[in-house]
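Participant: Chain by chain, the residues:
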Amino acid sequence: MTTSAPPASVATAPAQPPARRPRRTGRSPWFHVVMVPFTVLWLLPLAFIVVLAFRSFDDVASRGIGALPASFTLDAFTEAVTRGDLGRALLNSGIVTVITVVLSLVLASWAAFALARFRIPFRRTVLLVMLAGNLLPPQILLVPVSRITQSLGLYDSLAALVVVQVGFGLGFYTFVLHGFVRNLPQEVFEAALIDGAGTLRTYRSIVLPLTRPALAALAALATTWVFNDLIWAMTVLRTETRFPITAALLNLQGGYSTSWNVLAAGCLLAALPTALVFFAFQKHFVSGLLVGSDK
Amino acid sequence: MTVLERTPGRSGPRSGSGAGSDPAAARRPGPRLRAARRVPPLVWAFLLVPLAVEMFWVFWPALNSFSLSFTRWRGVGPAEPVGWANYQRMLDDPVFATALVNNVVWVVGFGGLSVAGGLALAVALNRPGRGVGVYRSAIYLPMVISLAVTGLFWRVLYQPDGLVDRVLTPVGLGGTAWLANPDTALYAVLVAAVWRQVGYIMVLYLAGLKGVDASLEEAAAVDGANAWQRFWRIVVPQLRGVSTVVFAVTVIDSLRTFDIVWAMTRGGPYNQTQLLSTYMFQQSFSLVDLGYGSALAVVIFLLAIGFIITYLVRQARAED
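Going line by line, the protein sequences match chains A and B. According to UniProt numbering, the first sequence is numbered sequentially starting from 1. According to UniProt numbering, the second sequence is numbered sequentially starting from 1.
Isolated chain A, as found in the complex (with noise of 0.2 Å):
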């Protein structure tokens, strides 16, 4: 690999018309020398866990977690699956995921839509304290939305999961939908008011539509981060049947300190569902995380 990458710059490079991509020429051969190896390591913590996943207990008791395979099995998933009930766990988190992802998403339109196209009053200050909200260190509202909770009769159920992650996400899907309404076309909006649309049918056949990409970004964004949530599930939740895959490893690895494999095949268990996510959406997933960030 590391051999063959300069040859192949040096004989790409004469092809180019020098004085249109001086640029592309620039790069040293020793770019891959670097990062093939670079890449390697940053990637072995993953390979790692990988192969440790799908060796034996015994193969690792008997020959340490650093030893290379002697065994391949699917045990150490079975054994989360079942022993560890991480499936049920699994479901728990799609369930939240799903939920939230949509209702974050329908209302953080509606208060793009409003704040974005109507004259709200001091609508700057209403769209900045909104994101303000989502900046706050999850911490100050910890204690206080444990006891609201409990006082709702939502304590310890996926439903205070959801309406907290909503709560707690909104201000900044907003605000990044607003920045998107309010960059669409106006004549849109001119020519739907002038066919005599309501308000409902250009909130549907205009603001939705149209914000599609942005929706899409956030989507993704939103996915990862309420399925890898846990510090709102160890505030709401007490009962390890309801607990959300982060939480419930965090179990496993209580009960099971010495099966590495089984904490192995959990940990990939639970990060399965993101990776597939980021892999399928990768576009729309780094322009998710660049939309917060005004590049």
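Below, a list of computed lysine to any residue pairs in the SDA-like style, where the Cα atoms sit at most 25 Å apart: (1) B:K210 to A:W30; (2) A:K283 to B:A138; (3) A:K283 to B:V249; (4) A:K283 to B:V123; (5) B:K210 to B:A124; (6) B:K210 to B:L141; (7) A:K283 to B:D213; (8) A:K283 to B:G131; (9) A:K283 to B:G117; (10) A:K283 to B:S243; (11) A:K283 to B:R127; (12) B:K210 to A:A216; (13) A:K283 to B:V134; (14) A:K283 to B:R136; (15) A:K283 to B:G241.
Simulated from the structure, these hints should not be mistaken for lab results.
Since the structure of chain A is provided, determine the placement of chain B on it from the hints.
Facilitator: Using the frame of chain A, we list chain B on its own:
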């Protein structure tokens, strides 16, 4: 007001609609003024429902934390007001001092390493070319794994005979129980956190580099500036906007950090990896000392608020 209103129509470089023509501008005030005079009730509902949700689940609890921080409350019965006692207690609390120092180490170490790494990689991988897409994907892959899972599997890596041990033994650093040793535990957690964060910072800087004027750099190169000079004198100044965002985001993230520490050490050994966030959680939920926990939360808030405002000001300016 019209001037303020017209900016969105202009839409800037992002969507690039050609809405700036004169006839359109002349026609514009009519319908909009009509729309402005009365905001339809449905629109009020569109705004007030989400706003109410956020008020109830974010701002109301936040205010409650402030008032709880002046009480002693074990979770049952009424909270007993104690004035500033919780804050005075912090001054004599060695664990609070450790957590505060650790938070400073965390901001500097986690922030510094991930920004340096992310920026270096962004510069290296800025230009498209063979393999660049693969390198980029590999570097931001860890970002999709949750902090909790990252923490858990780095725990495995740090076990005696684990990957870290295997890699470092040839260098003469083997045989250390990185997470069990109070002197190394915090840094061991920090390395795992940086591994996950670098990709995110790289994405932010890659976007920032797109806005850097290449001709300036070329002009400097013609004038004989070497790569190092071009980077510090031409590229870095143009990245100031991104850097402000990165700086604010990093500090806010540092103060929030909880999952990865909780998954790896729960603040141990001997509270040596305690951050303000984990200590707050332990006091509030493990020891059910809700008054003291709330006071710790208020301290975290006060440390974060300056950076939150920095970020907000920047976003408000970008709105114009």
